[in-house]
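Participant: So the chains spell out like this:
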Amino acid sequence: MSRFTPKVEDAMLASSTFSSLSGISLKPAYYQGILADLPEVGFFEIHAENYLSNGGPARHYLHKIREHYPLTVHGVGLSIGGETPLNIEHLKRVAKLVNELQPAVFSEHLAWSTHHSQFLNDLLPVPYDGPTLDRVCRHIEQVQECLQRQILLENPSTYFEFTRSDMSETDFIREIAKRTGCGLLLDVNNVEVSCFNNRTNPYDYLNDFPLNAVGQMHLAGHTIDSNTTLPLKIDSHDEPVSQDVWALYQYTCLQLNMMNQACPTLIERDGNLPPLTELLAEARYADTIRQTALRESRYEQRI
Amino acid sequence: MNNEFKAALLGEDTRFYREIDALSMQEKEIRLNVYRNNVVVSLIDALSDIFPVTQALVGDDFFRAMAKQYLLVSPPESPIISEYGHLFSDFIRQFEAAQSLPFLADLAALEYSLLALTHDTEHATLNHEQVAEAFAQVDDPSALYLSLPPTSQLLASPFAIGSLYQAHRNDGHLRLNQVAINEGEYLLLAKSHLIAQLHVISYEEARFFKQLLQNKKLEEALPDSDDFDLGATLAKLIEWKLITNIANQPLEAE
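Taken in sequence, the protein lines are chains X and B.
Residue 189 in our numbering sits at position 189 of the first sequence, with consecutive numbering throughout.
Residue 20 in our numbering sits at position 20 of the second sequence, with consecutive numbering throughout.
No wet-lab data here; the hints were simulated from the structure.
Be a bit skeptical, because a hint or two may be false.
With a cut-off of at most 25 Å between alpha-carbon atoms, the simulated SDA-like pairs for lysine to any residue come out as follows [said to hold, decoys possible]: (1) B:Lys-6 with X:Phe-172; (2) B:Lys-241 with X:Thr-17; (3) X:Lys-96 with X:Pro-57; (4) B:Lys-6 with X:Asp-225; (5) B:Lys-68 with B:Tyr-112; (6) B:Lys-68 with X:Cys-137; (7) X:Lys-64 with B:His-123; (8) X:Lys-96 with B:Thr-118; (9) B:Lys-68 with X:Asn-272; (10) B:Lys-6 with X:Arg-295; (11) B:Lys-28 with X:Asp-129; (12) X:Lys-64 with B:Ile-195; (13) B:Lys-236 with B:Ala-143; (14) X:Lys-64 with B:Lys-241; (15) X:Lys-27 with B:Val-41; (16) X:Lys-27 with B:Ser-48; (17) X:Lys-96 with B:His-123; (18) X:Lys-96 with B:Lys-28; (19) X:Lys-27 with X:Glu-239; (20) B:Lys-28 with X:Ile-224; (21) B:Lys-28 with X:Thr-200; (22) X:Lys-96 with B:Ile-195; (23) X:Lys-27 with B:Lys-241; (24) X:Lys-27 with B:Ser-78; (25) X:Lys-64 with B:Ala-124; (26) X:Lys-27 with B:Glu-83; (27) B:Lys-241 with X:Arg-164; (28) B:Lys-6 with X:Cys-137; (29) X:Lys-27 with B:Ala-46; (30) B:Lys-28 with X:Arg-164; (31) B:Lys-6 with X:Leu-91; (32) X:Lys-92 with B:Thr-118; (33) B:Lys-6 with X:Asn-198; (34) X:Lys-92 with B:Ala-46; (35) X:Lys-92 with B:Ala-143; (36) B:Lys-68 with X:Asp-270; (37) B:Lys-68 with X:Arg-164; (38) B:Lys-6 with X:Leu-86; (39) B:Lys-28 with X:Phe-160; (40) X:Lys-27 with B:Gln-197.
Okay, chain X solo, but in the shape it has when bound:
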């Protein structure tokens, strides 16, 4: 068992709005509005790779916003699922940023993007077999060692399954959490997208998912692929959260509450950016679902 199992940030998180109120993605278009209005929101999440420069507007505004809100840092480039060794130089730059910002959470993906020195700018899938499990666990341990903290690993959105996979995605993820002591980021939209694309039931997926390791959730919008032969959902992050995802989220909150676990939640948006108020409204809607689920689970526990 990894020495990162105890969450050193627990004491700090308990008093922060990270656990109690939902957050939204921080985008440059929102910097000025956030600083002018200081809206009520639990936290802001950034992509680490957008803030690794030595200077410039992004870092400037981030530091101003950080004076008012908790942050979470989401890595999109460590390529934890990669076949080739991690890019150590990049990992060190990410570690420096994480050390500087002291975010409530650092998360990354169960995916690969770099092969040798080439970066493909997408979250590409991995097969669920023994050799991949060993490699992913080694990489996570390396990241946790370098960052000196537990990370959360996000379940992927996928568009096909590998013929060589010999375990389910949920078993694969459970084993990673067990071996490395990492926490999990449950992206509910990814559950909907992957299950739809792979013709499986998202509620079965959630029932199999190791919810006890979940430290954060993501909600996002998806679109439908343009091909007319085979319906596929695309994890595009450029639409409001869809009704089917809200329903899955409600179900998940209920399960988490029955386990006495908090549900820190992010409204994730990367494209087709609406006015900030629309994302804030989605964050408040998520809060409402969480609070309602909390009441319902308390009622169920009483009877």
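With the hints as your guide, set chain B onto chain X.
Facilitator: Same frame as chain X, but now just chain B:
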């Protein structure tokens, strides 16, 4: 396996297809196409964000076709996507379809340099009052040392790419016919506060700034030319907020 996966994403290579669990070749194609599209479109979009003036000049269709050719031969070498494209201007220089625009590669290089400068370290600069005070404190201003941000760059371009860039940035529409593109220009790329600035400067100003960047005393930095107006040039540096330090001694090398 990821060698094959990558080859399938960036080309027509089908060795990877056996890894995809699907009922038909068509289904494998459709599923893989989602990833192909993600990779190619996201990288074209990234280049479009990094080279907006180059794109405006050649039009969206031409730019996207050229960007696709580039990303297939030069995928990013780093996960920091804003740093992507450092070989794009070299690619454009060799790109057959762009040969009728011999200045295009230089323009792309300029855009890349400006973006890199914006992302570079900030250096505090003096305001108007601080500059006036520094000059008032000495009997002989010509013995002073003026510092510019050390990240500043001077360029001599055979084409008027600075004017071209500014024509685009000023109103969003390129007025290529209003820029005498074949006239050479001297350019100063410098950063004050958060954003890189581009200034088209005279030959004398370029010589003067070069001396300042080499930590020369004001009197040693003055170009020996009747066309140089020290007062006017200092006024520009104050207006652009590019003076980082004024001192009796040269800055020690960092």
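Participant: Confirm or reject each hint.
Facilitator: Hints and how they fare:
With a CA separation close to 23 Å, the supplied pair B:Lys-6 and X:Phe-172 stays within the 25 Å bound. Between the alpha carbons of B:Lys-241 and X:Thr-17 the distance comes to roughly 40 Å, so the proposed pair goes past 25 Å and is violated. The hinted pair formed by X:Lys-96 and X:Pro-57 meets the criterion: a straight-line CA distance of about 19 Å does not exceed 25 Å. Our distance criterion of 25 Å between C-alpha atoms is met by B:Lys-6 and X:Asp-225, whose separation comes to about 22 Å.
For a cut-off of 25 Å, the pair hint linking B:Lys-68 to B:Tyr-112 stands: about 18 Å separates their Cα positions. Distance restraint check for B:Lys-68 and X:Cys-137: the Cα-Cα separation of roughly 35 Å exceeds the 25 Å cut-off, and the hinted pair is therefore not satisfied. Between X:Lys-64 and B:His-123 the alpha-carbon distance is near 18 Å, which keeps this suggested pair within the 25 Å criterion. Straight-line distance between C-alpha atoms of X:Lys-96 and B:Thr-118 comes to about 20 Å, which keeps the hinted pair within the 25 Å bound.
Our distance criterion of 25 Å between C-alpha atoms is met by B:Lys-68 and X:Asn-272, whose separation comes to about 23 Å. Pair hint B:Lys-6 plus X:Arg-295 does not hold up; C-alpha atoms about 49 Å apart against a cutoff of 25 Å. Restraint check for B:Lys-28 and X:Asp-129: satisfied, since their Cα atoms lie roughly 21 Å apart, inside the 25 Å limit. Simply put, X:Lys-64 and B:Ile-195 have alpha-carbon atoms about 17 Å apart, close enough for the 25 Å limit, and the pair holds.
Of the pairs offered as hints, the one joining B:Lys-236 and B:Ala-143 holds, with about 20 Å between alpha carbons and a cut-off of 25 Å not exceeded. A C-alpha spacing of about 23 Å is found between X:Lys-64 and B:Lys-241, which places the hinted pair at or below 25 Å, so the restraint holds. The hinted pair formed by X:Lys-27 and B:Val-41 meets the criterion: a straight-line CA distance of about 20 Å does not exceed 25 Å. For the hint pairing X:Lys-27 with B:Ser-48, the CA-to-CA distance comes to about 18 Å; that is within 25 Å, so the pair holds.
Proximity of X:Lys-96 to B:His-123 is assessed by CA-CA distance (about 21 Å); at most 25 Å being required, the pair is judged to hold. At roughly 41 Å between alpha-carbon atoms, X:Lys-96 and B:Lys-28 are farther apart than 25 Å, so this suggested pair is violated. For the given pair, X:Lys-27 sits about 15 Å from X:Glu-239 by alpha-carbon distance, which is consistent with the 25 Å threshold. For the suggested pair B:Lys-28 and X:Ile-224, the alpha carbons sit about 17 Å apart, so the restraint of at most 25 Å is met.
Straight-line distance between C-alpha atoms of B:Lys-28 and X:Thr-200 comes to about 18 Å, which keeps the hinted pair within the 25 Å bound. The suggested pairing of X:Lys-96 with B:Ile-195 holds, with an alpha-carbon distance near 23 Å, which does not exceed 25 Å. A distance of roughly 28 Å separates the Cα atoms of X:Lys-27 and B:Lys-241; the hinted pair therefore is violated under the 25 Å criterion. Note on X:Lys-27 and B:Ser-78: the hinted pairing holds, with a Cα-Cα distance of about 21 Å set against a maximum of 25 Å.
Distance check on the hinted pair: X:Lys-64 and B:Ala-124 sit about 18 Å apart at the alpha-carbon level, within 25 Å; holds. For the given pair, X:Lys-27 sits about 18 Å from B:Glu-83 by alpha-carbon distance, which is consistent with the 25 Å threshold. For the suggested pair B:Lys-241 and X:Arg-164, the alpha carbons sit about 61 Å apart, so the restraint of at most 25 Å is broken. A distance of roughly 23 Å separates the Cα atoms of B:Lys-6 and X:Cys-137; the hinted pair therefore holds under the 25 Å criterion.
Of the pairs offered as hints, the one joining X:Lys-27 and B:Ala-46 holds, with about 16 Å between alpha carbons and a cut-off of 25 Å not exceeded. Proximity of B:Lys-28 to X:Arg-164 is assessed by CA-CA distance (about 15 Å); at most 25 Å being required, the pair is judged to hold. A hinted pair counts as satisfied when its Cα atoms are at most 25 Å apart, and B:Lys-6 with X:Leu-91 qualifies at roughly 22 Å. A threshold of 25 Å between alpha carbons decides the hint, and for X:Lys-92 with B:Thr-118 the separation of about 22 Å falls inside it, so the pair holds.
Simply put, B:Lys-6 and X:Asn-198 have alpha-carbon atoms about 22 Å apart, close enough for the 25 Å limit, and the pair holds. Straight-line distance between C-alpha atoms of X:Lys-92 and B:Ala-46 comes to about 24 Å, which keeps the hinted pair within the 25 Å bound. With a C-alpha separation of about 45 Å, the suggested pairing of X:Lys-92 with B:Ala-143 is violated against the 25 Å cut-off. Among the hinted pairs, B:Lys-68 with X:Asp-270 is consistent with the structure: their alpha-carbon atoms are about 22 Å apart, no more than 25 Å.
Under the criterion of a C-alpha separation no larger than 25 Å, the hint pairing B:Lys-68 with X:Arg-164 is inconsistent with the structure, at around 32 Å. Proposed proximity of B:Lys-6 and X:Leu-86 is supported: the alpha carbons are some 17 Å apart, at most 25 Å. Restraint check for B:Lys-28 and X:Phe-160: satisfied, since their Cα atoms lie roughly 8 Å apart, inside the 25 Å limit. Distance check on the hinted pair: X:Lys-27 and B:Gln-197 sit about 23 Å apart at the alpha-carbon level, within 25 Å; holds.
Hints 2, 6, 10, 18, 23, 27, 35, 37 from the list above are not met by this structure, while the remaining hints are.
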